[in-house]
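These protein sequence lines map, in sequence, to chains A and B. Quick note on this note's numbering: the first sequence kicks off at 635 and runs consecutively. Quick note on this note's numbering: the second sequence kicks off at 3 and runs consecutively.
Hints listed in this document are in silico derivations from the structure and should not be mistaken for laboratory results. Please read all numbers here as calculations on a predicted model, not as lab measurements. A few of these clues could be false.
As the list claims (entries may be wrong) - Only pairs whose alpha carbons sit at most 25 Å apart, straight line, appear in this in silico BS3-like list of lysine-lysine:
1. LYS229/B x LYS767/A
2. LYS229/B x LYS301/B
3. LYS301/B x LYS182/B
4. LYS301/B x LYS98/B
5. LYS766/A x LYS182/B
6. LYS301/B x LYS95/B
Unchecked claim - Computed beta-carbon distance windows for the label pairs:
7. TYR289/B x HIS723/A: 14 to 24 Å
8. PRO192/B x SER705/A: 29 to 39 Å
9. MET731/A x TRP33/B: 53 to 63 Å
10. ILE684/A x TRP33/B: 20 to 30 Å
11. PRO71/B x GLY696/A: 13 to 23 Å
12. LEU307/B x MET731/A: 35 to 45 Å
13. PRO71/B x SER787/A: 44 to 54 Å
14. SER673/A x ASN170/B: 19 to 29 Å
15. TYR289/B x ASN735/A: 26 to 36 Å
16. PRO192/B x LEU691/A: 44 to 54 Å
17. PHE698/A x PRO71/B: 46 to 56 Å
18. LEU691/A x ILE277/B: 17 to 27 Å
19. ILE277/B x ASN735/A: 36 to 46 Å
What the hints assert, rightly or not - Some chain A residues near chain B, calculated using beta-carbon distances under 10 Å:
20. TYR693
21. PHE698
22. LEU740
23. GLY755
24. ILE757
25. ARG791
Don't be surprised by glycine CBs; every beta carbon is placed ideally from N, CA and C.
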Amino acid sequence: MSSQTFVQNNRVKSVVISQPKAIVSTNVEVSPEQNRYASILLVCSWAGIIVMLITFLLYMGGLFNPLVKPSDMPLYWGLNVHQYLQVTHAPSGWDWMRLINHADYLNLVGLAFLGIVSVLGYISLFIDYSRKKDFPFLLMVALEILVITLAASGIFRISGGA
Amino acid sequence: MIENLFTHASSLFIATNVAVAQAAGTPGVPWWVWPLALLVTTFLIGIVASLAGVGGSVLYVPIVSSFFPFNFDFIRGSGLFVALACSLSAAPKLLKLNLASLRLVIPLALIASSSSIVGAYLGLSLPQSILKILLGVLITGIAVLFIFSKNSEIPVIGTPDPLTRYLNIGGAYFEPSNGKNVTWSVWRLPIGLVLFCCIGIIAGMFGIGAGWANVPVLNMLLGAPLKIAVGTSMSLLAITDTSAAWIYLNQGAVLPIITIPSVLGIMVGSRVGVILLKTAKPKSIRYIVILMLLFAGLKSLLAGLGWG
């Protein structure tokens, strides 16, 4: 049994058997919410990548007084993350925000921005699904925002070292 | 010509890795060699990955952990950002072309991103030797999956399940090869949700994008047309990897000196790969990727066992 159908010249032609009527939309136009979500991803991800590139060049150029100079990194990058945090006294969670006047932590701004791009897109979806009163998707979008926010909040900490 | 170019690229890739491996044992190597070598390596990974139709991070994590002196924690943290950046750059176009469906992405992403947090926890808690053994087994398994998997352009599906009907999942896209619109839906969504839970754990644990698993599940199990499966997988990764990436970032396991050259290299490389794709022979490239995966998987396995 197949559910694939083809549409040509406004005439629907079933390829094998029938397509369940309740599900299929033959409209190939992108929904407005999907279009808006895609635009947000496009603009914000490029913004994040440009910020990342600029801050990285500043770091590699030795500008903005990095706490750990790039030339010293070979001493630390072989350590596991728990040892690295102990040796360099690097902050965990969002504490790095207090150090963004140093080039190495300024680099995290672009990376963190990439990490919130999806949330920005989901906020627009939340608004669209609220307007459409599409409650199942409204609930799932709200839960996803919650999941990413919890992950980003830093409340999930892993102590000790393996 | 393209084949020659690809052969040169492969030789350069191998030469770079040999040079990197030699430099790793040489304490006098200037520090800047590493980010530069990483940029070149990830650029080549980006070309190979896009020619072979795989996500970059599935090659990135095993190859970089095999040849570079960075700790496995930082490589996995970078791997997630590599996958995230690739996904964010590809997803908008796929969504705008209706080759990815948000109505399919949203439920699967919710499950996968929640479970990727669990995976990130496991990845940062387990001993690295265990992780390397598991990664070795996983990467070798992916290589075998690539050998035997047979995707279906437009799968034949049965009656969609009640959950698919309730969520109204389905759509249509324009197929330029025959000038027709293809309408589609999926079935067996509940089983797919369970599998996406496992996929999320693996993605978070090893810092690899999970396109290698997403596409077969979407295409072969759920019955989405191949183009929809690829587009939806790419859009899913932007969300799945975000949760796990935050866990690594908050834990301090993301070093810009490793992550940023990797992201930039792979993004530029994948764009070059897309240009070369028009004239390259994907089948021969696929075999090279399978060999690279087998090599990297076995190397990781041996390193985990203390034999490498």
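Hints the structure violates: just list their numbers, smallest first. 1, 2, 3, 4, 5, 6, 7, 8, 9, 13, 15, 17, 21, 24
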